[in-house]
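Those protein sequence lines, which keep their order, are chains U and W.
For what it's worth, my numbering labels the leading residue of the first sequence as 1, then goes sequentially.
For what it's worth, my numbering labels the leading residue of the second sequence as 1, then goes sequentially.
The hints are simulated quantities; they were obtained by calculation from the structure and are not laboratory data.
Owing to the predicted nature of the structure, the values given are computational and were not obtained by experimental measurement.
Misleading hints may appear alongside valid ones.
Said to hold, decoys possible - Sample of chain U residues at the chain W side, in silico, Cβ under 10 Å:
{"id": "1", "residue": "L111"}
{"id": "2", "residue": "V261"}
{"id": "3", "residue": "P308"}
{"id": "4", "residue": "G313"}
{"id": "5", "residue": "P324"}
Note that the Cβ used here is the ideal one computed from N, Cα and C, for glycine as well.
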Amino acid sequence: MRLALRLGLAAAAFGLLAVVPQFSIDTHGVFSSELNSPGTLQVLALMLVFGAVALTYDLLFGFTGLLSFGHALYFAVGVYLTAIATTRWDWALWQALLFTAAVALLVPLLLGAVSLRVGGIAFAMVTLAFAEAGSKLVNQNPRGWTGGEEGTAVGNLPDALVGVLNTKHLYWIALGYLIFVFVAVNWVVDSSPGRVWQAIRENEQRVEVLGLQPFRFKLMVFVISSFLATAGGVVYALLIGSAGPRVTTPAFTLALLLMVVIGGTGTRWGAILGGALYTFLDYRLVEWSDKAFIRESPDLIRQPLSEPLFVLGTLFILLVFFLPGGLAGLTLPGGRRRGLRLLEQSVRTEPTTGTVEDEADPGVEART
Amino acid sequence: MSTFVLLTITGLGLGAMYFLIASGLSLIYGLMGVLNFAHGAFLTVGAYSSWWLSTQLGGVGSDVLRFLLSAAFGLLVGAVVAALVELVLIRPLYQRHIEQVLVTVGLSLAMVAWVQATWGPTERVYEAPSWLARTTEVFGARVPNDRFVEIGVAAVVLVGIVAFLRYTRYGLIIRAGVENRAMVTALGIDVRRAFTLVFAIGGLAAALAGVLSGVYFGGSIDPDRGTSLLIFAFIVVVIGGLGSIMGSAVAAVLVGLVQQYANYYGSEYLDFSVLGDLSVVLMLAITLLVRPSGLAGKWSVAH
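Please take these sequences and the hints and turn them into a complete structure.
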């Protein structure tokens, strides 16, 4: 019964989102123009894409307890391969997509196998280092493929995806991607490997004692989550029509982390909502900060408020303190504190050194 | 030969800055289990404070005096900001490590955005004594003088931290806390005071790295300086072994040298100027495969 209700709610929500491009509703300044204008549709589509990408990150962080700082890399693989294959190599779109899909499985398999050798905080730093290497590579502009700072355009698009009037098609693709990720994540989380992931988050040693190999399960979730993120990168590239270095930066991974925590760590709707809300604020805060009452306030207040990251970062710190369960925590009984609390165990037990440590003390193994 | 000497000394200068950042990160992690993402922001804030004072001082005294005054001010701000962050934001989340990491992540974004909003996103000219920009000849290589200052400062900081940890009461408490915090607390010592101290030392060292980076990178500072150096400092900390000062020092020298050599020879012979950055990441991967607990996993000097 509960399942039927959940499915019904999900279907209703997605159905509602699907018909958005058909209605011309005044948004009263929430967006810059009517609901179905190309500009608004593009922002909405980006919200859907980042909602879904946040969910793929939550699969790693919230459901398995793996704190990765390199998720941007896999998203960027999708963005850049789509652009490079369709312009520099002049491939057809379907060829580019097939190739990207293959790379999207191989790269996380390889890098995941190395970085999952360590756990906890060391894993976070290693994934960060790999993502940074990717970012430097893109900025270096090897053979003129990535276009360095300027980025590179996406080419060879079918007519139905080109031009301002066709933004609604892109919007529907973004919605399709969100539904795909939502269904996939629901499916894998409730499958038997999914249960092992959540068990790893709770207590990795115990999973090991039960005779399962945590490494394999972690690698599996790493590859699935990264693959889905790469797919998101492809949709983003189609939507924006180009690839730029912003999506390769560590700041982008941090943004994903913020999205998940804002929405609610370890929840499905929460992560999607967080991603959508973050994207919305990121795009709209700049315009709002130009409103009269802020423009006339002293520099000390006006300047920081015009930086979306200052507002989002501060908001995020407040949320961690006062609502660690994120937005989703508001609706769950006792969920106000649940989200992040679940994860404490997974970081505390530092599998880095391969020995069981005193759980209250992460620094036991460290040497001065 | 002269190129090689220049690269070596420049690499050591870079390693010196990595060590200044990594030492604080490593101490904080070793004692408190906190991965401090805001460390790069301490660096940026320290560097900008120092730059701000140097613009206010105008023509007071000689350029060396102005530089020393503004550098001291930057260090002070770095230490105070770091101590405040520990007291106000980290302490209430004691023992909740994920939440502590998240707070430092939010802080790193917000602080850098604040600097960017106040002083603009583009780089600022950082005035340093003219002597630092001149060169000295070493084995036929013309080496900019600032490199020697960076190496010297890092060496002094290394000796200072090791001596502090070995010969003072607080150092003893910190070393004992890294070893077994529960036991130290059980003996009736308030380890939390050591937390604030470690954060202040870390913030001071980071601000020092910020000031020196202003000189090292051709007399300029920009809001993203901290974040970009922080990533390599993280790599240094992992290669060196989390919580180990000597490990960080050795790893910082290795990383700085490899990065300089590979970047130069990569762009010279292969037309590939990020070879150094990629080699450093490769070094990290190899370290993890061969020795997941880092270089200092086995031997450590400060004990």
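Hints breached by this structure: Hint check: nothing fails, all pass.
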